[in-house]
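Participant: Take a look at the letters that make up each chain.
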Amino acid sequence: MTASVPAGATRYRVGDELPPIVRRMTRERMRWYADALLGTSEPEPGPMLAGANVHTDDEFARGEGLPGIISDGMISTNWISSVLLATFGRDYLERGQLRTKFIRPILEDQVISARVRVRSVEERDEGVSYGFDVWCEDEGAHMCTVGSAELTVRG
Amino acid sequence: MTTGRFVSDLEAGDVLEPVTYVMTPFIAREYAHSVEEQSPILQGDLPDEQLAAPTLVHIDKIRLLKRNCPAGRGPHARIHYEYDATHHDVVPVGERVVASGVVAERYEKRGREYIRIEIELRSAIDGRLLTSYRDTAVLSFAPKESRA
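Residue numbers (this note's numbering), protein chains in the order written: chain E, 1 to 155; chain S, 1001 to 1148.
The shape of chain S in the complex, shown without the other chains (with noise of 0.2 Å):
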């Protein structure tokens, strides 16, 4: 099932279909080191645990446009504009979540289009919510008259 065919043609109201995966090492450790965050934590170094940076919720945004929006972003990249994350829990490597995610609300300010999903991180295993997170994107950064 795809719910839109590009990002652009996503609706408020639009239900996308969950991602179901497992939080890895490698997912864990590669994210923070794209970040520079060296905490033994989140690399991996402790004995007996490894967690995931709780900003890799941003990843899973990604991951269900993939899944929802095979064909891509639409005519105009879509620029990342707000970051909301609550966390409820530790989301530990070897984890099996499943991120599901709403499109809330899509509007227009001073020309520009804006769209808002809400996402759910939750364990695939007792359903326990893990994380939840509002992101805000511009699908266009040139206002609309300028393209014209």
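Just chain E, with the same shape it has in the complex (with noise of 0.2 Å):
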């Protein structure tokens, strides 16, 4: 069990999980960011509608071998991202890692909870450095997509 911190809380001890970010993993939400990866990786601005790919389409993506589309492990790279930025803001911008490992395919429909949880924390000359859990787990408690971060927040 680990304790709830309060959002705006300024320390946090080993344990503490930060409010995490639960959604359905819906088709749309597969669809926003395949065509965002399209529309936001050209020198301009133009037409953003992916073609068929594993995160658009579910023919092609039984073809690859999977049960249908899946998201793209960004997307819940991006969700565990925002705890981080939700609570640490600047400092997590600044002077932040974040690494994510996309362990089990996440499919339409499923509930993800992004989740943030302090593995460490060490005080230093320019502030309290912290060490952190990340995950995403389906509704099932499958762990989906795993990893750590760490920051800094300045004294």
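One thing to keep in mind: the hints can contain errors.
[Said to hold, decoys possible] List of simulated lysine-lysine pairs, DSSO-like, C-alpha gap at most 27 Å:
hint, chain 1, residue 1, chain 2, residue 2
1, S, Lys1061, E, Lys101
2, E, Lys101, S, Lys1109
3, S, Lys1066, E, Lys101
Read the hints as simulated data drawn from the structure, not as lab findings.
Fit the two chains together into the complex; they arrive one by one in their own frames, and the hints show the way.
Facilitator: Structural data, given as structure tokens:
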């Protein structure tokens, strides 16, 4: 059991968990990322409708050995990133580190919880350095995305 | 210059031709929208500052692959396996940036081929390192023996 830390608290302890993000991985959410990936990677803004791929087309995904469309791993990574940003703001953006590994495909309609728990706290000259365990799990508590994060809150 | 026709052609040691671009308000905002990130500093809702999400470095990989492998992914869909980014500084909207990358490793594990690309995002103005990123992807989800 982990403690729940209110937003705005300035000091966290090992075992504290930040407020999670819980969302259903809908087909639309997969499409939004696939389209943005296309639209933001071109030299100029243009058409933003991704073609058939493992995130947008069930038949295509099954042809690649998957059960159907799967979420881009960057969606769950971004939900974890949002948890860190909501709590630590600029300290996360300026001096953060985030690692995620996608160990189980996230399928359509799974309810996903993006979670961040404090693993270490270290007082340093420049501030307080935190280490975190980060993960996304489905409604059955199966880990889908696992990883870690670090950042320093300047004193 | 292109490094490989397909992404699946890339080999360890390949140096990707860098991509230089301006981080526009549209890019930062659209990416944040796509993952429902409502932070005002990413959405451009603050009067004097807008920053890019650090996870946007994933798009730099896509830019580099489009530039260096114009024929696309290869015979199978590439599936992202690992994201590992270190933020050295914020990425402000309006900044001219350059993304560079090198194929660090290509290896096989349990019948699947993996490729790891190491990417740096720097200011194109003063060379300051903004983000360093290690991206690992599976070149085919289905193991080799099941494709035979």
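Participant: For each hint, tell me whether it holds in the structure or not.
Facilitator: Structure-based check of each hint:
no., hint, in the structure
1, S:Lys1061 <-> E:Lys101, "holds, 17 Å"
2, E:Lys101 <-> S:Lys1109, "holds, 15 Å"
3, S:Lys1066 <-> E:Lys101, "holds, 24 Å"
The structure agrees with every numbered hint stated previously.
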